[in-house]
Amino acid sequence: MLASAVVFAVVALAPVAVMVAGSMSADGGLSAAAYGDVLRTQRQWALLGNSVGLAGLTALACTALGLALGFVLTRIRLPLRGLLVFLFAIPLVVPPYVFAMAWIHLLGQRGAITSMIAQLLGLEAAPFTIYGLAGAVFVLTLCYYPLVVLTTAVAVVSADVTQEEAGRLCVGWRRALTGVTLRQALPGCLAGGILVFVLALGSFGVPSLLRLHVYALESFTKFNALYDMAGATAASMPLVALCLAALFGFERYRRRLSNAFVSSHGRQPPWLPVGRWRWCAWCACIVVLLVSVVLPLGVLAKEAGGMGAYAQALKTAWPELAHTLLVGALSATSMTLLGLPLAYVASRGRGWRRSVVDYAPLLTFAVPGTVLGIGLIRLWNRGGAADWVYGTVAVVVFACIARFMAVAHRGAAIALGQIDPSLEAAAAVSGVSWLRTGTGVVLPLVWRPLVAVWVVVFILSVGELSASILVCPPGFNTITTRMFSLMHYGMNQLVAALAIMLVVCILAPLMLLAVVMRRYLGNAYA
Amino acid sequence: MNRCTAVLAAVLCGAMLLAQADKLVVVYTAHDEMYSEPILDAFEEQTGIEVKAAYDIEASKTTGLVNRLIAEKDHPRADVFWNNEVAQTIVLQRKRVLTPYMSPAAKTIPPAFKDPDGHWTGFAARARVIIYNTDLVSEPPTSIFDLTHERWRGQAGIALPLFGTTATHAAALFATLGEEPAKAYFQALKANDVQAVSGNATCRDMVAQGELKVGLTDTDDANGAVLDGRPARWLFPDQGEGQLGTLVIPNSVCLIRGAPHAAQGKRLIDFLLSPEIEARLARGRSMQMPLHPDVDVPKTVPKLEDIRAMAVDFYEVSAQMTKTAKFIQETFAR
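Here the protein sequences line up with chains B and W, keeping their order. Counted from 1, the first sequence has number 406 at position 406 by this note's numbering; the numbering is strictly sequential. Counted from 1, the second sequence has number 317 at position 317 by this note's numbering; the numbering is strictly sequential.
FYI, nobody ran anything at the bench for these hints, they're computed from the structure. Glycine included, C-beta positions come from ideal geometry on N, C-alpha and C. Be aware that one or more of the hints could be misleading.
Claimed, not checked - Beyond 10 Å from chain B on every Cβ pair, some chain W residues (computed):
{"id": "1", "residue": "143"}
{"id": "2", "residue": "180"}
{"id": "3", "residue": "196"}
{"id": "4", "residue": "197"}
{"id": "5", "residue": "280"}
Said to hold, decoys possible - Covered stretches of chain W, as calculated for chain B (at least 3 residues, CB under 8 Å):
{"id": "6", "stretch": "78-87"}
{"id": "7", "stretch": "184-191"}
{"id": "8", "stretch": "317-325"}
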């Protein structure tokens with residue numbers, strides 16, 4: 001575990017520390033000059049308000065939607081449930097910027113849907129469009145809600161079934177569900193919501209496209225327009241502070257809830273006796289899928305046109321596709337292997353060590369990718385032995401680990417937090433070593449959620465751009481770079497074909513997720 | 001015998017590595033991958049020198065690579081930087097990231113488009129244009145100042161003038177018009193509800209889709225919409241007698257200080273600055289205008305001598321960029 005902490009510190013924390021140190025020094029001495037501009041004007045506070053509003057509303061919407069879907073997918077016997085689980089993960093695969101472009105085609109001022117509505121109402125223009133805060137919340141919700149669905153589903157099936165059954169002996173199944181199981185699953189659901197909050201808070205591309213100015217623009221401007229690295233780092237600190245505050249609040253709340261423990265009986269939660277209402281639930285799932293997957297992918301497929309676009313996309317971009325999948329696989333594997341020991345310390349440790357390990361991944365998650373990228377260059381571009389990192393795929397993997405370790409860490413922490421500590425205590429009392437306890441007791445109980453964690457961070461790593469664009473070795477380019485480059489030239493057909501191809505290429509890990517989740521969710525009373 | 005074999009093997013390996021180094025050049029290019037890649041492939045074929053390229057994307061507005069070069073200054077990895085504009089190349093020059101190289105291929109490029117000491121050389125230019133939707137507009141604006149008129153309230157778009165060529169254009173206006181008139185212009189644009197979108201390509205798409213009626217963008221973006229058969233056309237603004245003219249923005253290429261493969265870098269620069277490459281970029285979708293005289297280009301490609309170009313000093317433009325960015329940030333980013 002110490003080794004994991006050291007590796008994480010070197011890979012992810014050190015570049016951030018380099019940038020923070022740089023922001024607090026000038027002319028060889030300590031200086032807070034870079035921080036002098038932070039939140040000094042009404043305009044900056046207004047931008048921060050936009051960011052908090054966007055992130056808060058997106059997190060709320062994702063939590064509500066994810067909680068409902070998480071329960072429906074795990075506790076109601078739905079037809080084609082495995083396929084539904086698989087399809088719900090697709091929005092995570094498509095870069096949010098591409099999603100936003102698809103929605104402008106549908107709900108822009110002359111979008112397909114808005115034009116139809118205007119025609120029906122006999123108006124010159126539709127009464128609403130995708131632009132503004134509401135549109136940005138809508139698009140980001142559709143991009144990120146699968147995160148909450150996943151964390152909720154894992155939490156629901158990890159809950160102790162016997163407690164709900166005991167509750168049903170005294171009250172009806174509805175009250176037992178909401179009073180017992182929901183309480184147990186809520187920490188998992190809210191953990192997903194916190195991740196969405198952080199992702200939305202740092203979001204810049206989608207709000208910018210939908211004409212909403214957000215605080216992340218301040219850091220981006222310092223970096224891109226003013227070449228002020230210290231200022232860019234300083235400007236990102238309010239967002240980092242907000243993320244840490246959100247996590248702190250969540251942790252205080254979570255500790256007040258009772259912990260659920262994975263049942264050692266290995267029983268799957270029973271289906272809820274909803275009768276014909278399961279068809280309503282199924283229809284609701286289909287509606288959500290139509291809006292979040294079918295409509296935008298349909299727009300992309302229409303833009304892509306015939307097979308010619310796919311053939312050209314594959315011909316021109318297959319090396320980038322291979323690079324992207326390699327980076328995704330290496331990053332996801334590294335994060336899962338590092339995340340589990342860190343999560344163990346966070347869930348079992350005490351005192352300052354626990355707090356440091358708990359908050360550190362979120363710090364690197366909240367720092368903008370551009371700041372992180374420059375930090376990696378400053379740390380590793382030194383020649384000599386550092387060339388084993390800089391100038392190779394390793395530095396790109398480091399960028400992904402720094403960006404998304406918080407997701408792996410949180411996912412592993414949710415799974416570990418629901419294991420009864422008495423199981424490990426019993427092993428310790430019996431004289432079993434900690435390593436044997438880990439491999440023989442803990443790992444068999446958490447390996448399925450860890451597979452889900454692997455798939456989620458794989459998908460996120462595949463889409464990472466802001467840090468990796470700065471450190472990708474020349475000649476080693478990724479598919480997201482190619483897509484954004486093509487978008488510049490309006491090669492929407494190729495962009496759409498590449499996006500669809502990316503979805504197809506990630507199908508394999510998504511199907512793996514669906515199989516694992518389906519077996520994990522179980523077939524109760526088959 | 002074993003020791004001899006080991007020494008021989010080490011010498012051979014060293015020789016192979018040196019030979020490999022002679023056959024490699026690393027280029028950072030902000031010019032779109034789709035169009036720069038075939039040109040770099042052609043260089044590889046012609047010279048046998050392997051090219052390793054790092055590309056930038058519209059979303060980072062070129063400055064991703066510029067910031068990377070600044071951060072790598074102490075241990076440079078790149079040999080050549082091929083930029084799709086020039087103001088940020090001058091930023092690199094000021095930060096001592098570049099080293100002079102006077103390419104023989106640049107002899108006939110006009111002095112206004114190259115550094116007198118050889119730190120950078122311009123080639124294959126774009127220009128700022130007004131793009132308009134032909135389904136919605138029959139009489140397009142002919143001046144960038146027309147976008148402040150009531151007729152275009154809420155219907156005109158520009159890329160947020162904090163990044164890319166729009167930022168360069170804004171700084172050029174500050175340098176050419178003076179600070180107060182330039183500020184008045186941008187404040188009038190803001191008051192007329194101009195839509196500041198995320199990039200030139202987005203502005204083009206908004207106009208082509210009819211989300212906006214008119215916009216300011218670059219020739220390469222505008223040409224893409226026309227080639228795709230979308231209902232959009234473009235024109236050079238302010239071309240009348242006594243008018244400002246339009247900003248012409250060349251690509252620029254430069255040699256990195258301390259480049260690991262400087263000799264190969266110089267060969268690449270010579271190749272990029274050749275009239276043949278300018279002809280190739282002119283024929284492509286990006287429709288870049290040659291700076292070499294007498295380059296054979298299709299009739300659809302405008303010639304530099306046929307355009308009223310804004311009279312700018314790129315060094316003055318680059319010097320104005322920080323002040324301009326701070327003003328634009330206060331005016332538009334709220």
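Classify the label on residue 197/W as holds or violated, using whether its beta-carbon is more than 10 Å from each beta-carbon of chain B.
violated (7 Å)
Are 3 or more residues of the stretch 184-191 of chain W near chain B, judged by a Cβ distance of less than 8 Å?
It is violated: at least three residues are needed, and the stretch 184-191 of chain W offers just 0 whose Cβ sits closer than 8 Å to chain B.
Tell me whether the statement that chain B covers the stretch 78-87 of chain W is true, taking a Cβ distance below 8 Å and needing three residues at minimum.
With 1 residues close enough to chain B, the hint is violated.
Regarding the assertion that residue 280/W does not contact chain B, is the least Cβ-Cβ distance greater than 10 Å?
Its Cβ never comes within 10 Å of chain B, the nearest being 16 Å, so this holds.
Nearest-CB test (10 Å) between chain B and residue 196/W:
violated (8 Å)
The output says residue 180/W does not contact chain B. Does that hold with a beta carbon cutoff of 10 Å?
holds (21 Å)
Check of the stretch 317-325 of chain W against chain B for coverage (Cβ-Cβ below 8 Å, three residues minimum)
holds (count 3)
Is it the case that residue 143/W keeps its Cβ farther than 10 Å from each residue Cβ in chain B?
holds (25 Å)
Going down the numbered hints, you'll see the structure goes against 3, 4, 6 and 7, while the others check out.
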